[in-house]
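Protein chains in written order, with numbering that gives the first Met the number 0: chain A, 0 to 295; chain B, 0 to 360.
You may find that some hints are simply not true.
[Said to hold, decoys possible] When the alpha-carbon atoms are kept at most 27 Å apart in a straight line, the in silico BS3-like pairs for lysine-lysine are as follows: (1) B:K344 / A:K75; (2) B:K162 / A:K162; (3) A:K75 / B:K199; (4) B:K137 / B:K199.
I should point out that these hints are in silico values taken from the structure, not numbers from a laboratory.
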Amino acid sequence: MRRLLLIAVPYLWLLALFLVPFIIVLKISLSDIALAIPPYTPTLDFAAGWAGIKAFFAGLDFENFIWLTEDDLYWKAYLSSLTIALISTVLTLMIGYPIAYGMARAPGEWRPTLMMLIILPFWTSFLIRVYSWMGILSQEGFLNQFLLWTGIINEPLIILNTKIAVYIGIVYTYLPFMILPIYAALDRLDESLIEAAEDLGCSRLSAFWLITVPLSKNGIAAGCFLVFIPALGEFVIPSLLGGSGTLMIGKVLWEEFFSNRDWPVASAVAIVLLLLLVIPIVLFQRNQQKQAEAEQ
Amino acid sequence: MTFKSLSLTAVLALGASAVQAEEVRVYNWSDYIDEELLAKFEAETGIDLIYDVFDSNEVLETKMLAGGSGYDVVVPSGTFLQRQISAGAFQKLDMSKLPNHKNMWDVVEKRTAQYDPDNAYSINYMWGTTGIGVNVGKVTELLGEDAPIDSWALVFDPANMEKLAGCGVHFLDAPAEMIPAALKYIGEDPDSQDPDVIAKAEGVYMAVRPYIQKFHSSEYINGLANGDICVAVGWSGDVLQARDRAAEADNGVEIAYHAPKEGAQMWFDQMAIPVDAPNPDAAHKFLNFIMDAQNMAAASNYVYYANGNLASQEFLVEDVIGDPAIYPDAATLENLFTTRPYPAKVQRVVTRLWTKIKSGT
Numbered sequence: 000m001r002r003l004l005l006i007a008v009p010y011l012w013l014l015a016l017f018l019v020p021f022i023i024v025l026k027i028s029l030s031d032i033a034l035a036i037p038p039y040t041p042t043l044d045f046a047a048g049w050a051g052i053k054a055f056f057a058g059l060d061f062e063n064f065i066w067l068t069e070d071d072l073y074w075k076a077y078l079s080s081l082t083i084a085l086i087s088t089v090l091t092l093m094i095g096y097p098i099a100y101g102m103a104r105a106p107g108e109w110r111p112t113l114m115m116l117i118i119l120p121f122w123t124s125f126l127i128r129v130y131s132w133m134g135i136l137s138q139e140g141f142l143n144q145f146l147l148w149t150g151i152i153n154e155p156l157i158i159l160n161t162k163i164a165v166y167i168g169i170v171y172t173y174l175p176f177m178i179l180p181i182y183a184a185l186d187r188l189d190e191s192l193i194e195a196a197e198d199l200g201c202s203r204l205s206a207f208w209l210i211t212v213p214l215s216k217n218g219i220a221a222g223c224f225l226v227f228i229p230a231l232g233e234f235v236i237p238s239l240l241g242g243s244g245t246l247m248i249g250k251v252l253w254e255e256f257f258s259n260r261d262w263p264v265a266s267a268v269a270i271v272l273l274l275l276l277v278i279p280i281v282l283f284q285r286n287q288q289k290q291a292e293a294e295q
Numbered sequence: 000m001t002f003k004s005l006s007l008t009a010v011l012a013l014g015a016s017a018v019q020a021e022e023v024r025v026y027n028w029s030d031y032i033d034e035e036l037l038a039k040f041e042a043e044t045g046i047d048l049i050y051d052v053f054d055s056n057e058v059l060e061t062k063m064l065a066g067g068s069g070y071d072v073v074v075p076s077g078t079f080l081q082r083q084i085s086a087g088a089f090q091k092l093d094m095s096k097l098p099n100h101k102n103m104w105d106v107v108e109k110r111t112a113q114y115d116p117d118n119a120y121s122i123n124y125m126w127g128t129t130g131i132g133v134n135v136g137k138v139t140e141l142l143g144e145d146a147p148i149d150s151w152a153l154v155f156d157p158a159n160m161e162k163l164a165g166c167g168v169h170f171l172d173a174p175a176e177m178i179p180a181a182l183k184y185i186g187e188d189p190d191s192q193d194p195d196v197i198a199k200a201e202g203v204y205m206a207v208r209p210y211i212q213k214f215h216s217s218e219y220i221n222g223l224a225n226g227d228i229c230v231a232v233g234w235s236g237d238v239l240q241a242r243d244r245a246a247e248a249d250n251g252v253e254i255a256y257h258a259p260k261e262g263a264q265m266w267f268d269q270m271a272i273p274v275d276a277p278n279p280d281a282a283h284k285f286l287n288f289i290m291d292a293q294n295m296a297a298a299s300n301y302v303y304y305a306n307g308n309l310a311s312q313e314f315l316v317e318d319v320i321g322d323p324a325i326y327p328d329a330a331t332l333e334n335l336f337t338t339r340p341y342p343a344k345v346q347r348v349v350t351r352l353w354t355k356i357k358s359g360t
């Protein structure tokens, strides 16, 4: 009985916070647009009894999903989001790994402070932090002022409202999510393994590639998923820092929802996005499971 | 905190919410009111005013169509108002609660009646035009003294835009206003609902697309004022606010607004009460307060938009009533056009075209 209860809690959580909203969105994606409150039809009419339920199911179809395949906007937006998320993840890894490595190698008494410094930015609202990047990157911003002052450039660089600004925003925002799991993995690394490798004739560099990297790969995988998944559906960063040319699925979804008032198509876009995300999430889950098993 | 004081605070909080004063929730455009008016309303009526802002009709419409927005007063523009009325989003105004309605201006009411027949659901808050704001110094430096700052050619002629691109050009992210502007520029009917005619706007935008820095509906106010950008297609009063902020900052930036001579769109922002407003009574009080001649004049004097309140005109400062960019003369008024809402199918064409224009896809 106790065991059952213990299992029931996470499943209820999943049911209430994932499955129920998913079914609602799925239902809307099978509906048709209407000028009403809410702006789609059919809605379930319990008062009409069985006939109402029958009419409800008769009104559902896959038209909106077919629509997604007919206009090249959607797959281009998915593809562009995937590319941006992928490049951002690689960049975040390249910056995050050395930082995590440095933290793990730092003297023990420094580590809590270093950890604090990584977490500190979360104390400020995410929106304010993205807004301040606008101040830094704009043509009259700090970065350009500084570069002009040092004489490195003569003309202000146009960074804000370009893809570069989006990458900067995503890498900056998600960097802690990359550093923390990698740090956790490196922190647990048994240093005697590296000493052994060096004793056996490994250079420091090859010891790093042969011992450190493989032993931290679980941390790398966790970090990559934690960055990739939210970056794929990102809406705030591209709309604040990106230019109008930055096509991302989050923005397309917004347009469907707000400009076209087409909740059904917007829901269809969301369902496809979710399916795209389920694959990396399942991979992540399996990776975590393997890690847990390996530790037992 | 001990458990005792914690529970005490909880009890106090509960008690406070039980005797809470009456509330009215207003959802209006950003930078669109003199905040002192809000305090004045609270002082006069004793009603707590909760004031939120938005910067696009689309966001407001989505909230209205979702229902249960919790707002008592909202401010959609004409075409959006019309569609939301047919969706059943608003309640009819109770004129017996609006004695100040006698102050309204028939010239404006005649035009708003095409969106809201008999003006049964809404009152006009402000109206204005969609035109071009320029940083006069920078633009004349780049295009010469005879730069066409009063023509759509400034922003739709690639030859001009190529030179302006370096100093920053922003366009409104509002297809329902930008597509008609482009159609007007090439001599088509700006109010066309024919997809083939609407498609002609694409060519106009694609030619200048590389030179447009951003499509955004509120950033340009600060952008123009700070000198970050030098041209913006924007709303009359917003550009004039930028002009004022620049003058206050004394940063050498001089901003001017023009409703282009080829013809500019005239729009109306209407205050209406959602059908499910929690406190329609307080909402009527707010509308009546806004329609007071002096209050309305204070709002216009602050935001540099014309209003639909005839009685307020004697309280308007010369800067507002005397500025043809705000209260156009008869000849300019002739040249302004209005548009009807797009039906759902045409709306999809317009949004798709706009996405294509913005993203190149």
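Structure-based check of all given hints:
no., hint, verdict
1, B:K344 / A:K75, "holds (22 Å)"
2, B:K162 / A:K162, "holds (23 Å)"
3, A:K75 / B:K199, "holds (24 Å)"
4, B:K137 / B:K199, "violated (31 Å)"
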